[in-house]
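Number of protein chains: 2
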Amino acid sequence: MSKTVEDLKNYLDRIKKYEHIETLLYWDMKTLVPKEGYDGHIDALTYFSAESFALLTSDELYEIVTDLASDEEYEKLDDTMKFIVKRMKKDLEKERRIPKDRYEAFVKAQAESGRAWEEAKEASDFSIFAPHLKKMIDFRVEMCGYTDPGEDVFEVLLEDHEESMDSATIDCLFEDLKSDLLPLLKKILAAPQPDDAKFREKFDINGQKKVQDMLLAYMGFRKEAGAVGESAHPFTLNFSSKDVRVTNHYRESYPVNAIYSAIHEGGHAIFEQNVNPEYDNTVAGSCRYMGVHESQSRFYENMLGLNKNFWIPIYDKLGELLPPFQEITLDEFYREVNHVRNSLIRIEADEVTYCFHIILRYEMEKAIFRDHVPVEELPAIWNQKMQDYLEITPENDAAGILQDTHWSDGSFGYFPSYLLGSIYDGMFLEQLEEELGCVDQILREGRISEITKWLNDQIHQYGSTRTPKEVIANVCGKVVSSKPLISYFTKKYTEIYNL
Amino acid sequence: MSKTVEDLKNYLDRIKKYEHIETLLYWDMKTLVPKEGYDGHIDALTYFSAESFALLTSDELYEIVTDLASDEEYEKLDDTMKFIVKRMKKDLEKERRIPKDRYEAFVKAQAESGRAWEEAKEASDFSIFAPHLKKMIDFRVEMCGYTDPGEDVFEVLLEDHEESMDSATIDCLFEDLKSDLLPLLKKILAAPQPDDAKFREKFDINGQKKVQDMLLAYMGFRKEAGAVGESAHPFTLNFSSKDVRVTNHYRESYPVNAIYSAIHEGGHAIFEQNVNPEYDNTVAGSCRYMGVHESQSRFYENMLGLNKNFWIPIYDKLGELLPPFQEITLDEFYREVNHVRNSLIRIEADEVTYCFHIILRYEMEKAIFRDHVPVEELPAIWNQKMQDYLEITPENDAAGILQDTHWSDGSFGYFPSYLLGSIYDGMFLEQLEEELGCVDQILREGRISEITKWLNDQIHQYGSTRTPKEVIANVCGKVVSSKPLISYFTKKYTEIYNL
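As you go down the protein sequences, you meet chains A and B in turn. In this text, residue positions in the first sequence follow my numbering: the first is 20, and each later residue adds one. In this text, residue positions in the second sequence follow my numbering: the first is 20, and each later residue adds one.
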């Protein structure tokens, strides 16, 4: 190993430690820290983020990376190192342009904004959050000004979350969906709906937790390399492929949400646990592409979890762990989990209306960054769009613009990833059936591990080394298109709703 | 504020951040980290401990402290700063003599030893732990050689955990107890014992957690400044007075253990939550004296929690949260929680045999550090002493020498603190009754908050600013003695067992 490669590895090893404890602080802030302990965590997070940022953007590291990227040295590297050096060079060139004090101020403001959002949501009072949202927008514009001077801010934000998918591509994909799905949705909403009374009973929370454990194990989540927590908003987080954690949020009534959150986050987690461990704690590791990430969580949640056959091998077990399900037939269960409603909350939405929850957010982010709409006007725009797409208006901001955590830490440009994920899923499902045969049959026979293995081989192992476009080209040999998803929806819901 | 005071405060502020994340890593390692994620935590802990040790022992900090300790500067300081400067000077003079690389090696070895102990306990195989125990002993001897050259190692270890209580004092206190309690214990064990069958039924674990929440709130634990977790071995940990966490370990049968662990750790936590917040994250904060600390956890657990009157206001609630208690009368409950048995596990022992569990460990530590008994011989000595004191021999090492975590991270000299705590409790109870009146009546009337307030005022608020001897002198105006504890035991158990 050359001296420079060794220097780089030492650097990566140090940076890893800072990222490790930043991840842990974040985990604890979201799952456990008491109200009065929050400030101590923010102080530590601010301090160590600044330290790691200084390490990452140091001249010394940049020189090491630049040396290794030079023709002579580069050719001697193995493929993983080649990727790491190239990727780091690209990232560092951007990140090094951010002044340290501004980065530190941003991290601190993010933490404060996160807390303000929680308070605002609890009080259903947008005005508590508004000044922080404004700050997050301004900070993002400022940061983009450093990293990508002269570029369109919204384009940079999209690229940050789903490289290789620009707004022109997304516009096109979303417009296709809108034009075909909106008529389908209107027909569905006009059709007779099932009675969900049996799902509104009391379902023991401890039983729901046991169902989550059962589902995670069934899907292939490895407990030796993972953990489970509780938080207001379910999420997945990873230290490396060896420590991947999911959270959930349980309520006594309507356990369908916690069950599908468990499957969703389980999908994210299985992805992270199966990235090539050689990539751990480098730019090659984890998965930096949010659309690809969401495609995996949503593949398990929707393409598999909403399929009746997924439940055939485990439906008795569900009834054992949560006895009220013994009074619900699998047909009734299947019908309810595929119940399409014009409802208010994104993370509780069915897979059809979900598309419009995302399109709404995508359009709002365009309004913020392209049309510079003042934050005060955003709740009204939100409510109008809900009315336009889903014919429903939030009774308050907690059920409207305050429902999601993303904007509270400045994660603008993230939302489209969810729908891109579903669009990819339409394509992956088609491809998987071509290669492995009928998914209904695989699931019915309890051979879900074959699907997990296919996803591991096709997608997960590559971590961050392939862009979304490359992933799709490699898995499907095609360019990205909304058509397979539209066909899936049309076939499935025409049948369910007898349209 | 003088420039030097400001410099000190800046240093303390930086050190606080490192200690904060070391605490968090420790918390997560004990409560949640998955098996494969352990190494990542050890790596980070080793790195940041070394960094904080370097900060703490830096020449610059030592110069600041030395400057402030000089006559001229010292007189200008407020009382808190005076304490901090004096204490830091004393501590730093010792700690600065430890070579950084040796300290780092020790921290790493501690973490590895902790893991080996867990494995050894699970497999009930002392040989897995033995080489690590040997390493911990050698490291402690080595560390004492740096910090207190020429001093008796065992004396240094005792002083580390309970300053102002040397082995001559402890010998005397423990011998008094032994000579009066061993005859009492023999009489108790010969008397008729209650039937505990009703306590061996199935008690819902979720219900036990709810009981814990109820008890913590009843005792005065503030949830806004605390959190609850699960671990193999219950413990309390604090980031500051604003974030104090307790853990517990639940089993379906015999919920008495989890109930009393909840009260015990709650006592520790109430102490930490009520230390003067101005002392937070300085040497004046928290409580560094383990005997004083244990006196508070054990005061709640034994002096209050084992008193029938403690339960009168909340016994119905207990039955609501854990229905099998509806079939158990308060008299039966009181009888069982004061059931004296010659059992194997310290943390499950009644308050009488508990004394002998500690005396055994104290004598074993003397054997290790004074008589240099090889580690291989320790299990046999343990088993022999169990036979001598409690007339029982562990069936395996998991139930014998491997049961406690303390030695796994080299915390020798800690065990005597538990019994010192009980000895202080005998004195505190006497004093409290002199000042507030009959404890039975206070508890019966649900006025436990008056007791908590008395302990806050008399003990908790002072944190680490008073040595154990000073605490006792201030609270009781007497020198430490085992007599009050012996009287308490004799009166209580003569009555319960009709001796």
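Because the hints were derived from the structure by calculation, they are not lab data. Careful: at least some of the hints might be erroneous.
One copy or any two copies: either way a pair holds, since identical chains are not told apart in the list.
Stated by the list, open to error - In silico DSS-like links for lysine-lysine, alpha-carbon gap of 27 Å or less:
#1 K497 / K197
#2 K488 / K229
#3 K229 / K49
#4 K488 / K54
In rising order, the numbers of the hints this structure does not comply with: Per hint list: 2, 4 violated.
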